[in-house]
Every structure is written in structure tokens, then in C-alpha cells.
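Note that the protein sequences, when read in sequence, are chains A and B.
Going by the numbering used here, the first sequence opens with residue 1, and the numbers climb by one from there.
Going by the numbering used here, the second sequence opens with residue 1, and the numbers climb by one from there.
Rather than coming from a laboratory, the hints here were simulated on the basis of the structure.
Glycine is no exception: its CB is placed at the ideal position from the N, C-alpha and C atoms.
Far from chain A, by Cβ distances over 12 Å, these chain B residues were calculated:
#1 Phe17
#2 Lys38
#3 Glu41
#4 Pro50
#5 Gly95
#6 Gly119
#7 Lys121
#8 Gly124
#9 Leu128
#10 Val138
#11 Asn153
#12 Gly156
#13 Thr158
Covered, in the sense of this in silico footprint (three residues per stretch, anywhere, with C-beta under 8 Å from a C-beta of chain B), are these stretches of chain A:
#14 44-54
#15 234-242
#16 316-327
#17 334-347
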Amino acid sequence: MVDALKKEDGFHTEEMVLNMGPQHPSTHGVLRFEVYTDGEVMRKAVADIGYLHRGIEKIAEKVGWHGFMPYTDRIDYVAAMTANQGYACAVEKLAGIVVPKRAEYLRVIAAELNRISSHLIAVGALGLDMGAATPFVHALRERETINDLLESLCGARLTYNYVRIGGVSYDLPEGFIARTIAFLDHFKPIVDEFNRLITDNKIFRERLEGVAVVSIDEAISYGLCGANLRGSGLKFDIRKDEPYSVYSELDFEVPVGICASGRGGDCFDRYYVRILEMYESIKILYQCFKQIPEGDILADVPRKLRPPKGEAFVRIESARGDMGYWVVSDGTDMPVRVHCRTGSFAAMGIIESLSKGLMIADLVAVIGSFDIVAPEVDR
Amino acid sequence: MEKLTESKIAELVKAKFAEVEWIAPEAGVAYLVVPPAKTAEVAQFLRDEPALAFDYAVNLSALDNKEQIEVTYHFYSYKHRHSFAMKAKVAREGGAVASVAGLYGAANFMEREVYDHFGVKFTGHPNLIRILLPQDWVGYPLLKDYQEQEDYNGIGTTRPSLL
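Kindly produce the complete structure, drawing on both the sequences and the hints.
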């Protein structure tokens, strides 16, 4: 219809190919899209990834089982604790190592703090992409405190290398619990304030509501996971449904998209699930500090670890969803294969089909709402 | 919702496809070995059979065991909450596997990654090109005997020792 009208008017129309990225502020790292447009509307956006490919999986075959741990930080540097934990869980499953209870709690404490800081980046950066700069600064300010806490725990602010195969590297430093509880008491009202600032902001909501709706079936087929999957309405969280570590002893809810626009699975639902998850992480942390037992923090694991011949595939709930490590051993101290399945890679796969018919400016909302972290896509 | 054990799932697949083989090693997960040309058919059975309902292709990757490439699939069912692993073993050079990209949206990118790193062809894939490496890259880096090129488009890949 549109084409016919244009021809009668004598307008010449043609498809235009735009290049977006790799250095674009809203691509959260180094991503590139070839955008095929008809005016302001996208016919499709083809993702071109690999700019941050560092061959981490090949490195794993050269550095040994223990030696790979610092590299997992670089798979997802925004939520490095969960990347650490996933790898450790996979190797422990393969080698049959039992982790001390206290170490499991320490891992959960670190991971949930990291989940909050990762979600702060996600929701803050989405606001920034939508033109609201102030909430991002608020988010970074809070994240700074978490970075300080994690720095006191393991000495690093971003790439932690905290988890070891069989446990963790350091016990809680003095005063850590008091400082973290003080932070949590202060932080919960901040999330409420964040909601007042941006979640209930009309301009922000209109940019996100009803945009890029992903149905549950589509989300499952494309392997979306974590907040992206729950945003579409499927109540599934590996921490709850396939519990690992000590999550079965902790009480928390699994939030799903609230369908504010009447069409569940849009950008706003994915955003709001992350906000709700921060409340749940706060809950988990309070419980952890009550329940954490005394004891060892590291199991007796040989320096030259030789897991038996075989393979294991373990999934954990990272801040970006389903993080799966596939580890294969031939009985020597070098892995045959370590592969990491990540949520951002899956989210990149759906963008081409999802972008059809969206405005160019919506692409920024889509990338932001999926919480894509480029190094996790490229590894 | 009825959660089935992996060996029970393997029995169901075996009843339908005679040429599959169930391997349960001492450590780690057990898996089903499927002929490379049959992966799409078996995956379709796994997805569409109501008792199995594997709607989620969690992971699709490969490894080089120096004799063959083992293309490995990990499936999960949100409906029944069970999981399953499947393998197709192909030749190290010029191996081909039937693509499951038409069944699972996620397989499109994952198969491209396996092709990129191992050189395994996926017959029936809509757009089988390299995904993480540049299109003109030489060789498949995750093969065990991969030799790194000395330079890529005139850019050296090694540098002399500073000592």
C-alpha cells in the first residue's frame, strides 16, 4: 500500500543500508549492526559480532584447570563472580569435589552483590540510552559501594578471580557483614527512588512499552534466558528450578514481566524484571548473613588437578541468565575443551528477526533491554 | 509434567531410531551418539514428542578428540524440567552435520560458531558463514593441530621477545 502510494506520487524509494557501530555509545561494548532501513523503519538489523573475540576457549586448553579461572572474569566482566562460580561448579561436578558449606555461602554473597551491581549497570545504561543521564549516575554511585565491598573481600573491583575450584580464596574480612548490611539498609530505599525517577517516568516508559515484544515461544526457541526470558512471562530461574549451591535453603521470589502495556515481553518488562530482581537479591543477602555457618572455605583440591575422563555441563543463573559451562577432561591436567554458553550470545541471535518493523531508535532500546555485554557475546 | 531420567529418554529415542548409541561414562554426563545426517530428525523427535518436549537448545558446541570432531548438543525441557545430551561424530576435515537451525532459533548462531572454530559444515543452515572470526581468516582455531598464521592481512600475530 505504502509503496503503491509512493509510486503514484513519483517518489523514488529504495532500501538504505546503515552501519551502526562498532564504536557506538549504546552498543555496550563493541558490536556492529548492518541496518537495512526503509526511511525510519528497519527491515532488519544484521548483527556482526566478534570484535572482542579473544579465543578464551582455546586459552583454556593451554593453561590448565586452575589457571583458567582468571579468564572467566573476562567472559563477563560486569558480573564476573557468576562467571567464576559457573566454571568452578562445572569442574567440581566433573571431578566430584564437595565444596564446604561456608564457601558456598560466600559464593552466593559475592554473586548476589555482583548481581545487584550488574543490574544497576543494566538499568542505568538503559536509562542513559533512552536519554536520561541522571539515573545512570545514581546507579554508578551505588555500584561504587558494592565495588568497595567486593574489593575488601577479594582485592579486585571488576575482575575478581575470587572463586576457586573447591571453594573461595578469602574469608570475609573484618566488619564486612556490618558494612554490607548498612549498605543494603541504605540501598533498598534507593531502588524505590530509582523507580520514582525513571520507572514511572512517562517518556521513559513510552520509549519501551510495547516495543520489541518477544512471545514465550520465541524466547524459548531463541534460547533467551534470565531476565529476558522472565520478561516474556516464563517463571523460570535456575536458582529456583534447578537449584545449585545453597539456593535451595534461601527464600526468594522469581519475578516475571508485569505486562504493563498489555503486551507481555516488551522492553519495559525486561527492564522491570531486573529492578524486581535487585529487591530479591537484597532479601537473599540478608538471609545469607543470618545463615552462614562457620567452617572451611576451601576443599582439599590437588594443585595439579586431574579430573577423571569424561565431561560435564553445568548451568548457573548469571546476571545475564543461563550461563552454561561445558568442560571435557581426558584425565590429564589440561582440559580438552571448555566452552561457555552465555545469555548475551543468545540475545544477539534474536535481534535480526526481532528488529523487523521497528524504528532505528528502537534498536538502542532493544540492545539495552536485553542487557547485552559484548565480551560475553564474543568470548 | 513428568521428569524422565536420561537413560529412559535414550530408550525412547532408540525405539524410534535404530542407529543411535547410548554411552554412559564413569564420570560426568551420559550422551547419545547419533549419525551426523540424522541430527535434525532426532532433534525434531526430541522437540515434538510430548513426553520429551525438549523446547530449549541450551548449548551446541564441538570438540576435537584428534580423530573426530564431536558436535555436542545439550537440550532442556521447560515443560518436564529434564535435560539430555546428544553427539554427532564427524570427520576432522570436511565433516557435515544436518542443521537444526530450522527447529531452534538459537541454533543458527551456535552452528555458525562451531563452523567458525572447527570447520564442520551444517547442511541446511540458512547462512553458514564465520561469526566470531573475520570472513577471510585461514584455518579453524579450535582444532588441536591448528597452526596460527604468521600474519593476518599484513598484521603480525607474534612479536619478537623484548629481552
